[in-house]
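Peer 1: When you get a sec, could you build the whole thing from the sequences and use the hints?
When you read off a place in the sequence shown, starting at 1, and then add 121, the result is the number in the numbering used here.
To be clear, the hints were calculated from the coordinates, so they are not data collected in a lab. C-beta atoms are modelled at their ideal positions from N, C-alpha and C, and glycine is treated no differently. One or more of the hints may lead you astray.
[What the hints assert, rightly or not] Simulated restraints on C-beta separations:
#	residue 1	residue 2	range
1	Leu128	Asp260	31 to 41 Å
2	Ser300	Gln236	35 to 45 Å
3	Thr165	Arg248	21 to 31 Å
4	Ala274	Gly148	38 to 48 Å
5	Asp332	Gly283	30 to 40 Å
6	Lys160	Ser205	16 to 26 Å
7	Gly179	Gln275	47 to 57 Å
8	Ile182	Gly283	35 to 45 Å
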Amino acid sequence: MNYCLELPKFLLIESSGDICSAAVSSGTEIIAEKSIQEKNSHSTYLASFVAEVMKNSGLHISDLDAVVIGGGPGSYTGLRIGCSLAKGLCFGADIPLIACSTLKALAAAALEQNQDIDRVITLIDARRMDAYLGVFDKDLNTLVDEQFITIDAQLAVDYVKGETLACGSGASKWMEGFSPDGVLEYSYSGIYANNLVLEALQKWEQKDFVDVAYYEPNYIKSVFVTKPKPKF
122 MNYCLELPKF
132 LLIESSGDIC
142 SAAVSSGTEI
152 IAEKSIQEKN
162 SHSTYLASFV
172 AEVMKNSGLH
182 ISDLDAVVIG
192 GGPGSYTGLR
202 IGCSLAKGLC
212 FGADIPLIAC
222 STLKALAAAA
232 LEQNQDIDRV
242 ITLIDARRMD
252 AYLGVFDKDL
262 NTLVDEQFIT
272 IDAQLAVDYV
282 KGETLACGSG
292 ASKWMEGFSP
302 DGVLEYSYSG
312 IYANNLVLEA
322 LQKWEQKDFV
332 DVAYYEPNYI
342 KSVFVTKPKP
352 KF
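Peer 2: Structure follows, in structure tokens:
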């Protein structure tokens with residue numbers, strides 16, 4: 122395959138939710154991708170998907186300008202697996218690592234199908250009535266710091282303005298529980314690696330890379346590890 126040498130080429134990895142996804146991009150064009158929607162599948166499929174999309178793209182790891190990951194928030198286990206794989210590739214090939222917001226990736230996917238919207242509220246389910254929140258305008262500018270919230274009626278008071286779209290795995294809890302006025306719900310289909318490319322290009326232009334040695338995903342909510350109970 123022939124690609125424009127001036128366009129940045131990325132390996133994109135998304136593992137923050139139930140979808141395990143990898144893609145290779147040249148500029149905004151996705152030239153190879155592979156995904157599966159299956160819970161707890163990242164340890165089984167992610168590395169092989171990366172190898173497959175690299176082979177199908179006709180590129181070698183040394184041809185890439187950066188590795189891009191969905192950096193959270195989302196599943197602790199999925200994020201950890203994706204982060205470890207991406208960091209290993211960056212160390213081996215000595216290329217930069219770009220971490221993108223999964224909340225912004227959701228907004229990008231929603232805006233692609235709904236261009237007359239003023240703002241997007243993204244909600245990733247964090248169990249019970251909790252969620253990870255992101256609020257973006259139609260140009261994908263961040264309007265509110267990403268945060269962990271409890272879904273309630275105040276959400277509409279604080280963040281709904283103009284034509285507002287709600288999306289993400291937590292959006293249905295808000296819509297069904299509180300029926301906020303003036304809010305449309307975008308059918309949630311999950312986050313794929315190709316949804317990361319727009320923010321990745323912005324960060325590439327700004328040279329906004331993360332430190333490969335010390336980077337950790339954006340969990341937002343503290344990770345709690347349950348210790349086994351004593352056997353006596």
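Peer 1: Now tell me, hint by hint, if it's right for this structure.
Peer 2: These are the hints, each one checked on the structure:
no. : hint                        : in the structure
1   : Leu128 - Asp260: 31 to 41 Å : violated, 22 Å
2   : Ser300 - Gln236: 35 to 45 Å : violated, 25 Å
3   : Thr165 - Arg248: 21 to 31 Å : holds, 23 Å
4   : Ala274 - Gly148: 38 to 48 Å : holds, 43 Å
5   : Asp332 - Gly283: 30 to 40 Å : holds, 38 Å
6   : Lys160 - Ser205: 16 to 26 Å : holds, 19 Å
7   : Gly179 - Gln275: 47 to 57 Å : holds, 51 Å
8   : Ile182 - Gly283: 35 to 45 Å : holds, 44 Å
Hint violations for this structure: numbers 1, 2, all remaining hints satisfied.
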